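Chemist: Per full-length UniProt numbering, the sequence shown starts with residue 1, numbered consecutively.
No wet-lab data here; the hints were simulated from the structure. A hint or two may mislead.
Pairs of lysine to aspartate or glutamate residues, derived as DMTMM-like cross-links and limited to a Cα-Cα distance of at most 20 Å, are as follows [stated by the list, open to error]:
no.	residue 1	residue 2
1	Lys-274	Asp-306
2	Lys-122	Glu-176
3	Lys-90	Glu-137
4	Lys-274	Glu-242
5	Lys-97	Asp-69
6	Lys-212	Glu-242
7	Lys-122	Glu-169
8	Lys-291	Asp-59
9	Lys-134	Glu-179
10	Lys-121	Glu-176
11	Lys-145	Glu-242
12	Lys-227	Asp-202
13	Lys-122	Asp-108
14	Lys-90	Asp-59
The structure displayed is predicted, hence computed values, not measured ones.
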Amino acid sequence: MNRRNFFQKGLAASAAVALGSASLSPELQAAASAVAPKRKFKLNYAPHFGMFKNSAGDDVVDQLKFMADNGFMALEDNGMMGRPPAEQTKIGDTLAKLGMTMGVFVVDKGGNGQNTLAAGKKEHIDIFLNGCKKAVETAKRVNAKWMTVVPGDFHRNIPIGIQTGNVIEALQRGAEILEPHNLVMVLEPLSDSPNLFLRTSDQTYMICKGVKSPACKILYDAYHMQKNEGRLIYNMDQCWDEIAYIQIGDEPGRNEPTTGEINYKKVFEHIYKKGYKGVMGMEHGNATPGKEGEKALINAYVTSDDFSVA
Numbered sequence: 001m002n003r004r005n006f007f008q009k010g011l012a013a014s015a016a017v018a019l020g021s022a023s024l025s026p027e028l029q030a031a032a033s034a035v036a037p038k039r040k041f042k043l044n045y046a047p048h049f050g051m052f053k054n055s056a057g058d059d060v061v062d063q064l065k066f067m068a069d070n071g072f073m074a075l076e077d078n079g080m081m082g083r084p085p086a087e088q089t090k091i092g093d094t095l096a097k098l099g100m101t102m103g104v105f106v107v108d109k110g111g112n113g114q115n116t117l118a119a120g121k122k123e124h125i126d127i128f129l130n131g132c133k134k135a136v137e138t139a140k141r142v143n144a145k146w147m148t149v150v151p152g153d154f155h156r157n158i159p160i161g162i163q164t165g166n167v168i169e170a171l172q173r174g175a176e177i178l179e180p181h182n183l184v185m186v187l188e189p190l191s192d193s194p195n196l197f198l199r200t201s202d203q204t205y206m207i208c209k210g211v212k213s214p215a216c217k218i219l220y221d222a223y224h225m226q227k228n229e230g231r232l233i234y235n236m237d238q239c240w241d242e243i244a245y246i247q248i249g250d251e252p253g254r255n256e257p258t259t260g261e262i263n264y265k266k267v268f269e270h271i272y273k274k275g276y277k278g279v280m281g282m283e284h285g286n287a288t289p290g291k292e293g294e295k296a297l298i299n300a301y302v303t304s305d306d307f308s309v310a
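Using the sequences and the hints given, assemble the complete structure.
Modeler: Printed below as a string of structure tokens:
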């Protein structure tokens with residue numbers, strides 16, 4: 001777009017705000033609509049890189065622009081800590097320019113089941129604390145606030161109460177690193193394996209109460225919790241004061257809303273009416289491949305976000 005056209009469209013958009021589109025000529029109305037966002041969702045849904053690669057290409061900046069163009073004003077990237085610092089900075093700068101929010105990335109402590117904090121072993125805790133320190137630097141580059149932590153597997157030879165105490169103590173030490181920077185580790189109970197220590201929302205709630213830090217809260221992933229405990233709205237309400245981040249995925253299949261059994265329109269309406277202003281991470285796959293699947297995914301969110309706010 002040349003400078004003259006850019007100025008004309010900017011003027012048209014300003015006029016539309018000031019006068020209302022009905023007051024504009026057809027030409028100015030067209031110019032105003034050209035710069036207006038396609039949609040504004042009621043909740044802040046966050047795709048991840050690769051979700052729209054068939055439509056936007058492989059470049060991360062182009063993918064971010066595509067997300068914003070389609071009304072998705074947040075991002076989450078589990079593997080952010082593994083990206084080169086220069087790329088992290090580029091992503092952070094682009095998010096800022098687009099007015100997008102950075103959602104979670106995963107604290108690097110090994111895989112979900114590895115380096116279990118439940119064992120109380122110094123070598124495992126050191127890996128976790130080192131990951132927290134590195135996460136602070138990553139968060140600065142991408143202007144992040146939340147980061148996912150999974151405590152690891154059960155340690156079968158230790159009583160469950162002792163394991164819980166070990167986890168709380170390790171997380172308190174992690175919180176001491178993150179809290180001065182106004183960062184929050186969000187604990188994610190998972191359904192991937194029964195060997196994982198953290199499995200339910202009430203267990204995670206108890207641990208957050210034990211840690212007693214604003215830097216340690218719950219990541220409520222509706223996909224995992226539908227598998228492990230069900231009663232999504234009831235259990236969210238029970239844990240609400242400790243929930244800082246929410247993720248989405250339908251069950252079965254772990255794809256976009258409307259592809260499984262969860263009534264996401266009702267769940268989204270409840271979350272909205274609770275006053276939630278945070279990020280809704282789209283931690284799921286695409287039910288259908290290619291560009292058509294990406295269009296279907298966008299339409300699924302349009303449909304599920306179409307709830308009453310009265």
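Chemist: Taking the hints in turn, state whether each one holds.
Modeler: Evaluated hints:
{"no.": "1", "hint": "Lys-274 - Asp-306", "in the structure": "holds, 16 Å"}
{"no.": "2", "hint": "Lys-122 - Glu-176", "in the structure": "holds, 17 Å"}
{"no.": "3", "hint": "Lys-90 - Glu-137", "in the structure": "holds, 14 Å"}
{"no.": "4", "hint": "Lys-274 - Glu-242", "in the structure": "holds, 13 Å"}
{"no.": "5", "hint": "Lys-97 - Asp-69", "in the structure": "holds, 13 Å"}
{"no.": "6", "hint": "Lys-212 - Glu-242", "in the structure": "holds, 10 Å"}
{"no.": "7", "hint": "Lys-122 - Glu-169", "in the structure": "holds, 12 Å"}
{"no.": "8", "hint": "Lys-291 - Asp-59", "in the structure": "holds, 16 Å"}
{"no.": "9", "hint": "Lys-134 - Glu-179", "in the structure": "holds, 14 Å"}
{"no.": "10", "hint": "Lys-121 - Glu-176", "in the structure": "holds, 19 Å"}
{"no.": "11", "hint": "Lys-145 - Glu-242", "in the structure": "holds, 16 Å"}
{"no.": "12", "hint": "Lys-227 - Asp-202", "in the structure": "holds, 15 Å"}
{"no.": "13", "hint": "Lys-122 - Asp-108", "in the structure": "holds, 17 Å"}
{"no.": "14", "hint": "Lys-90 - Asp-59", "in the structure": "holds, 11 Å"}
Hint compliance for this structure: no hint is broken.
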